[in-house]
Each structure stands twice: as C-alpha cells, then as structure tokens.
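Those protein sequences? They're chains A and B, same order as listed.
The numbering used here puts the first sequence at residues 1 to 336.
The numbering used here puts the second sequence at residues 1 to 336.
Note that these hints are calculated values from the structure, not bench results.
Keep in mind that the hints are not guaranteed to be accurate.
Same chains, same names: a pair is fine if it fits in one copy or spans any two.
[As the list claims (entries may be wrong)] Under the rule of at most 20 Å between Cα atoms (straight-line distance), these lysine to any residue pairs were calculated in the SDA-like manner: (1) K162 to P331; (2) K34 to K290; (3) K270 to L294; (4) K91 to K162; (5) K208 to G149.
Bear in mind that the values here come from a model prediction, so they are computed numbers and not experimental data.
These are the residues of each chain, in order.
Protein chains: 2
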Amino acid sequence: MAKRIAVLGAGSWGTALAQIQAQTGHTVTLWDRKRDFVQEVTRTRENRKYHPGIQLSPNIRPETEIRTAVQNADFVILAIPSHAVRETLLKAYPSFSKNCVAINAAKGLDLETQETMLTVVTKAMGEAFARDRYAVLSGPSFAYEVVRGLPTAVTVAACNPKTAEQIQNACHTEPFHIYTTDDVIGVEIAGALKNVIAIVTGVVDGFKLGNNARAGLITRGLVEISRIGKALGAHPLTFSGLAGLGDLILTCTGDLSRNRRVGIKMAEGKSLRTIMKEVGQVAEGIRTTKSAYLLAKKLKVDVPILTEAYLAMYEGKSPETAIRDLLARDPQWERD
Amino acid sequence: MAKRIAVLGAGSWGTALAQIQAQTGHTVTLWDRKRDFVQEVTRTRENRKYHPGIQLSPNIRPETEIRTAVQNADFVILAIPSHAVRETLLKAYPSFSKNCVAINAAKGLDLETQETMLTVVTKAMGEAFARDRYAVLSGPSFAYEVVRGLPTAVTVAACNPKTAEQIQNACHTEPFHIYTTDDVIGVEIAGALKNVIAIVTGVVDGFKLGNNARAGLITRGLVEISRIGKALGAHPLTFSGLAGLGDLILTCTGDLSRNRRVGIKMAEGKSLRTIMKEVGQVAEGIRTTKSAYLLAKKLKVDVPILTEAYLAMYEGKSPETAIRDLLARDPQWERD
C-alpha cells in the first residue's frame, strides 16, 4: 500500500532516498532548509546540484515548509548532517501524525557528548518515541547508485523489531533491499565510525602502501569499531553486517567516498583546513575522528588506529609517523 | 634467532613467503616439483615466471629434492595447491626433524570429501601431529606486494596456541605482521570459500551493477561462509578477522585477483573451459564452488549466493538469471 513519506534534507542521499521510494509508488515530500534550492528543484524537477540529469519522479513534491512536509507522513526520513538531527526533529515534531516513525539516515556522533543519535533522540523526544517510533537506516549505499536504481542492500534498525519490519514491508523494493535488526546502537556506531577508517584508508592509499595494507587496515579498523560498540552494549555480529563491514568496504574501496579523499590529501601533506575547502561537501569523518577518540578514551577501549587518526588530524602528528607507529606495533592474538 | 625454513612450492605465493622470511634472516630452502624451473631459479637468482625483476635473497637456496629441502627445517611451509597437500606432506614427512611444524598456505577443500586441510592432515599424519605441529597461514596477502616488502597482516592458526605463537615469534617482521588464533577450521573455511564470493563479485562487476551491490554481496557472502564455518564448529568472530573479512575484501576488490577475473569473464558469457584457458594460473575458486555447495548441502545450511554460483558454473544456469534470482529474494532479518 502506498505510504506518505517526508524526506528532510534534499542533499545527495535525501534526494536518492526520495526518488527510490517515490518510484515504488509512495507519495514523497522533499524538504530542505535552503528555500531557493527547493524552489529550483520544484521548477526544474531535477536536483542539479547533487544529481544532475536525473528527472525526479512525479510522486515527489519539493516543500519549503518543514511542518507542511511532515504532515500526515507515515515515515519521516532524516537525511541531514547528524549535528542537525536534534534541532530538525524538534522543529518538525509538532506536525507529526500520531504513529509517524522517524528514520534517521545521518551518520555521526553528538560532538559534545559523543552519544549516538538514539541517545540524542531519546533525550529530545522521550524513551517511548525512541523505542517505538525511531529507526536508523544504514549500509553500503552510494546515493549516486541508489538514485539510478542499481541494486543496494541496507539495514534498518529499531529497538522495537516491529518498527523495523513496518519500514521493511513498506520500503523494501527489488533494487533497494532492506534487512532488519534491533541493534540500533551497533548500527549507529558502525555507521559513524567507518568514516574515520575511510580517512585512514585514504592515507594508506596516498602513501601507496598497497592492497594488503588496505585490507588489513579495514579489518583491524572494524575490530576497533566493534570494541567501542560492544562496550556500549551492541551485538558483536552487527559489525559483520551491512551497516558494519558492508558500509566500511564501500567507503574504503569505492572511488566515490569523500572521507577517503580526505585521507589521500592528508598523505599529500595538506592541512585539514585546506582539505575541508577542497573536498567541498561535508566529510563527517573529520568531526567523528575526534568524537570517536574521546569516546574510546571514556570507555577505556584500545583503539590504535583511531588514536593515530586523531593525533594526525588534531595534534599535529605527521601522517607518515602515525602510519609508521601503527605498523611497528607488537604481535597480537587476533580475537582480543 | 635464525630458523631453518623449507618452502614447498615455488609459485607466486611460495616464492614471496620464502623471500620475506629470508630477508628476516632465516635460512630458506625453496623446493618445487618442476626440476627445470628450480634449476633456472638457481641459475638466475630470480623467479622469472612469477616475480620477474625481483632478486632473490642470498638466504634462499632453491632445491630439487623434497627430502633434502625439508631436512633440519624448523618450519615447512606448504605453498602448493590444496589438492596436493596430502601427497606432498606424505612424501616430505620421512625427512622431517622431530619438532618440525608444517604451515599450510594453500586455500581449498578436499574435492571428494569437502573436508578442510586440517582433516586431511589429521587423517594423513595423525591427531597428535595435526594438533601440535600443524598451522595454517591465511589473510589478505597478494604475493606481488609481500615480495616487495609492502606491509601485510596475516593470521596463523593452530589448534595448539603455542604452535601459532612459536611461528609468530620467529616470522613476524615489520612488513609482515602475524596475528594468531586457535580457530584452524574457521581460518581454513574462510580462506577456501572467499574465492567463490570473489568469482560472484566478478560477475556483479561484469554486469556493472555498481559498488553498492558489490559491498552488499561481499557482506552477505561472508554471512554464508560464516554459517558453514559455524556448522563445523568455527568461532563466529574468525570471519570478521584477517583470514575472513580481510582476505575477502582483498580478493573481491583488488585488481590482481584471479578468481574475480573468472567472474568477469562469466558475465561476458564465456564458458568455464574457455575461462580456465584464459586465466592461466589455477583459480581455486572454480573447484571450491562445487565443494562449498556440496558441503553446505551436507550441513543443511542456507547459502543462496554459493548455490547460484554453483548453478551458474556447473548446471548451465545463465549468470544473468542467477544474479536476478539472488536479487529477487524476500526481505530478511539480518543476523539470521
């Protein structure tokens, strides 16, 4: 049955999600805080900034008023940077219908508290909402491919498994496969922290250390992400799933990843300030590196790769020395 | 302290392992069943077939007699195709010194019984040998990079953790990191079966289904490998380790992988016979696809990707239909 979906944020990812759901037959409103941009999308039926050449489905209605956008929606998809999740949700909430479910598609941690979005949402909206009406969507999904209908598999996690299934029933389509889980924390930690490993992968690529080093780094990076997740109560196998390993592989080996480009530029000796200018779009991994480091410290979890990434980005350590120190570590038992 | 190491098999991987260990200061004999080839390597101090341009370390002594090669060796590395492990070990064993440890670097299952090399070795050499004097070396390691001293991390698994540690203590070097585990079955299953997923990845790449599809396939492929492993008693987290996920990433995304090339050619509509001629070197994944399918059937484990790979390779199903059937599967709960 056709649903009403509101997508908040008409960036690359929000637009792709709006398009794939509109093509499934759902009615989609697409809101963005940039009013001029929404008007341009309305006029041209195209998101020229992020998906030039892609004709938007007639089922998509661009919208400048956030409360109008979410009115009567069954699902509200949050496709905005993670630091804007709290504020946007609070602004839209008064117009939510009674059973409307919020689906978070943003990947990041709260900058001040290092909490995942589940905690941010719990604090803002209350426990009952977070348990029954909040889900997170994550997994290996370049927007460029989703908007073109190429096959993609993602995970939807909700504390209440019925909420996840409800989304799966409505939104799973032939090119857009939805797997479900109840491990929200695991999916959120995996989604946020993979961006840091992607940056380090970029550094390894920049120094031309080879495919072996890259695969080793991704694997050991996932071990560190998994350690942090487990300390927060996540299920260890979530990290071998689509939101963990799947997304990590994509971000670390796909040519389209912004975060990896950040690392390549670090290996060229460029400063963070210069890199942020050159990469243009937000690379969430830069902020997340700091949050991840602080979080691991708080949890007393051993994370050598995340630590070297933090030192290289925020404490002036040269990326070359950081990589050398990583490689000089003592031999380990693997499952520790 | 310098050890004596015999490497059996002077192919791409055996030669790379010989070189990296010889450069660490160990004394290495390098045996191969092709006598002419060994004589050429002796004369040229180069393995022109697999590593042209790489000058072999003076610590490597090529050897035509297998028993001479293994005499007094502390470690015997088996760098031969998996179907030759049993015979080679039985041939060399009479000259093994008392505490000599066999390190298997071959990835594959016994064709007739679908057993891993641990069982093959247990049957041939007895339980005591398999427990204390057998180890398997696996992980993301293109020989091309190892022979050039690029950083690489691998896993060494032995039923007796002390055996694995003994190898780690002797063979771990700055560019060649060795992690240890006691999950031999897990490491062997992961190493063998990843070749099948690599072939399917090649098919997905050949049909230009995109990075999302590839990352999703790798992730779900690892779930299937892990299901088979668990049914055989392996530790689930082994599959997130270097021999599992690490090697899978490398084989599925690295441009150098033979098995992936097989899949790309399948997508072009070529027959297995033609492909085997074109790819030249042995692609273990072709044989392993059949073994993996039979093994999963025997264990009653659900493996949709491995099954479609088998049908496309051995039962005349078109790769296009196989991929379409995979994509049309019903939605799932992720951790099942």
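We went through each hint and held it up to the structure:
For a Cα distance limit of 20 Å, the shortest separation of K162 from P331 across copies, 14 Å, qualifies, whereas the shortest one inside one copy, 45 Å, does not. Within a single copy, K34 and K290 get their C-alpha atoms no closer than 28 Å, and across copies no closer than 56 Å, so neither meets the 20 Å cut-off. Taking the closest pair of Cα atoms, K270 and L294 never come within 20 Å of each other, the shortest separation being 24 Å inside a single copy and 53 Å across copies. Within a single copy, K91 and K162 get their C-alpha atoms no closer than 26 Å, and across copies no closer than 60 Å, so neither meets the 20 Å cut-off.
Taking identical chains as interchangeable, the C-alpha atoms of K208 and G149 lie at most 20 Å apart only when they sit on different chains, with a minimum of 12 Å there against 34 Å within one chain.
Of the hints listed earlier, those the structure fails to meet are numbers 2, 3 and 4, in rising order.
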